[in-house]
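Participant: The chain contents come next:
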Amino acid sequence: MAQILLKDLYKTYGETPAVRGINLTIDENEFVVLVGPSGCGKTTTLRMIAGLEHITDGEIYIGERLINDVPPRDRDIAMVFQNYALYPHMTVHENMSFGLRLRKLPKDEIQRRVKEAADILDIGELLARRPKQLSGGQRQRVAMGRAIVRNPEAFLFDEPLSNLDAKLRVQMRTEIKLIHQRVRTTVVYVTHDQVEAMTLADRIVVMNDGIVEQVASPQEMYDNPSTRFVAGFIGSPSMNFLPCKLTGNGSGLSVILSDGIRLNVPADREGRYRDYLDRDLTFGIRPEHLTEQRQHTNADQQDFSCQVGVLEPMGIDTMVFMNIEGEDVCARAAPKSVKNPGEDMLFTIDMQNMHLIDPGTDKVL
Amino acid sequence: MAETTAKTAATTRESASRTAEKSRTSWITTQLENERVLGYVLLTPAFLLIIVFIAYPFALGTWMALTDKVVGQPGNFIGLANFAKLLDSDIFRTAAWNTVFFTVVATAIKAALGMWLAVLLNRKFSLSRVTRAAVLLPFIVPTVLSTLVWLWMLDGTFSVFNWILRWLWDMEISVFGLVIKEDFGYIRGPNWLGEPSWAMGSIIMANVWRGLPFFAISFLAALQTVPSELYDAADIDGASGWRKFWHVTLPMIKPVAIVVVVFSFVVTFADFQLVYVLTRGGPHNSTHLLATLAYQLSMHAGNLGEGAAAALFMVPLLFVVIVLQLTYLRRIGVD
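Just so you know, the protein sequences line up as chains A and B, in that order. Here the first sequence is numbered in the numbering used here, starting from 114 and rising by one per residue. Here the second sequence is numbered in the numbering used here, starting from 38 and rising by one per residue.
Since the hints were derived computationally from the structure, they do not count as laboratory data. Among the hints, erroneous ones may be present.
Which stretches of chain B does chain A cover? Using the computed rule of at least three CB atoms under 8 Å from a CB of chain A, they are [to be verified]:
no.	stretch
1	259-269
2	321-332
Here are the computed lysine-lysine pairs in the DSBU-like style, where the Cα-Cα straight-line distance is at most 35 Å [stated by the list, open to error]:
no.	chain 1	residue 1	chain 2	residue 2
3	B	Lys161	A	Lys120
4	A	Lys228	B	Lys281
5	A	Lys280	A	Lys452
6	A	Lys228	A	Lys217
7	B	Lys281	A	Lys245
8	B	Lys291	A	Lys245
9	B	Lys291	B	Lys281
10	B	Lys291	A	Lys220
11	B	Lys291	B	Lys161
12	B	Lys122	A	Lys245
Glycine included, C-beta positions come from ideal geometry on N, C-alpha and C.
Isolated chain A, as found in the complex:
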């Protein structure tokens, strides 16, 4: 179990940059999730840690050791692949023990480790089968088993759940978390699914276009995104963004979303936003902070009225889509409270959860 350190990491394919200067410290036994849209460089970063991809520039340390030029087999890492990458001509047992056999471990030691891993993953019955006789979920377990038997310094997961159906994915997600609690080790996990990132990670690393946008714990990432990209990427349905103007209203500040919608900024944010007075900014609010009209529980909750566009019932809530100055806005309302499309409805917005973004830098203010 070791710390992993990425220092000014670069990767270019010919002229195309894939990773553009990543600095990241992954602590011992920490579960870190790299998340971002496809092409953001997360898998490339993982493959560079694994040694499957040449590093264009920068340094990677596992523990104290600089491993830039160390071949994958000597890095003491194990990896779980998206397509499982099980050897189809080997049985489950042979798949799991292949790495150990290559390392010439004694037979009884191999037996012991395979059995132990099989017990953890509950695949003891499958050891004599071949991969094609297994279901997707079982293959995924075997792929993890192959990693566990190695007892490596770090586990690398490359979108391990994306080939599973939705239900199994949720189940395996919980199991990966359980396994990490049992087999304490450093984990770097790559996914494009922000829900997976939120549920699994000790810390999330949001990547976009080859750079790290933000590194934070899931809750911190949700509450205080540092850029517009992170704000939009984390959370489902994603945050609403509206152009707005920040103006003074006597003693305080307010944002103007449209002719009819003027909202007061919470008093404790005024210092933060004062410099941006009279500027065109982007207003951000998550759907869950924009609800049907409710009894106010704090002074920063405000009401406004808007015409209902489209309704998307989710069961527990109904998503209400409306149009404010040409932008689609989603609110999350109690099913019984919603009006019919075309009718006006009263909404309550919780301004304590508002965000203001500088459209020039895309930074959250």
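Chain B: place on chain A using the hints.
Facilitator: Relative to chain A, chain B alone:
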């Protein structure tokens, strides 16, 4: 009123003629829409070709092998006498042994070199597509044509190999006055097609040259179906280049490799043109194969019965090989 009646009559005539047309085409159409009928219809051309060009000659050959037929005369049934006579003859036993030796050695070399070439071609390098296409050339040139070129290259007097050998032998290499290689004087080079063992080697070489592209391209196609993640996984599991080949590549392409080897084995076993052009079975029958022997017996000597018997000897041998290898293929479970 009258106008309406005329119009109705015209419409009736039109629809009547359409119904007639429909009933004419409909029998064939209905039959062809029946999948069982259509199946047989589609099978017929291939079936006829097989009957005329494979089944009939095979049956005729089998019948002839049981007769003493010579050219120009109807034969009499003589049972297995032809086979007995052949088994008793030295030439036949030599030819049978030559065929097995030629096939096994040539196929083994083709498989080994083909695998090596395929692994090389599977790498990414500039002009790799052009190179892959170029590798196929020996396969595209008509065998007789390319073999005639081999004939010249292996010629007793004009052999280009011997010419190069002589040139290298005669050359004196010196660097700064220091003689690295002396002039070793005159060398003649082997008589490629004139000496028994050199002749066998030569026909194997020509056969390997011609058959290699088939192996290389088939193996290359198989190599490209191996998912790259398996190599990533093997890298992380700690496999070196050679072990990756042994534990991942080879098992993954085994089914294709077996089919390719069986196919090539059959074709090589029955090879005729190459040997006929290069040596005609000589010298001293040292390169006689079953195919050339059968040709010589039936076409040159006119003993059609005996020739057919020699050709038929190939069938059980090949049958055993094919059954063995296909059984193996089924056992390892190709999906």
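Participant: Look at each hint and say if it fits the structure.
Facilitator: So, going through the hints one by one against the coordinates:
no.: 1; hint: 259-269; in the structure: holds (count 4)
no.: 2; hint: 321-332; in the structure: violated (count 0)
no.: 3; hint: Lys161/B <-> Lys120/A; in the structure: 30 Å, holds
no.: 4; hint: Lys228/A <-> Lys281/B; in the structure: 25 Å, holds
no.: 5; hint: Lys280/A <-> Lys452/A; in the structure: 33 Å, holds
no.: 6; hint: Lys228/A <-> Lys217/A; in the structure: 18 Å, holds
no.: 7; hint: Lys281/B <-> Lys245/A; in the structure: 21 Å, holds
no.: 8; hint: Lys291/B <-> Lys245/A; in the structure: 17 Å, holds
no.: 9; hint: Lys291/B <-> Lys281/B; in the structure: 14 Å, holds
no.: 10; hint: Lys291/B <-> Lys220/A; in the structure: 28 Å, holds
no.: 11; hint: Lys291/B <-> Lys161/B; in the structure: 23 Å, holds
no.: 12; hint: Lys122/B <-> Lys245/A; in the structure: 54 Å, violated
The structure is inconsistent with the numbered hints 2 and 12, although it conforms to all the rest.
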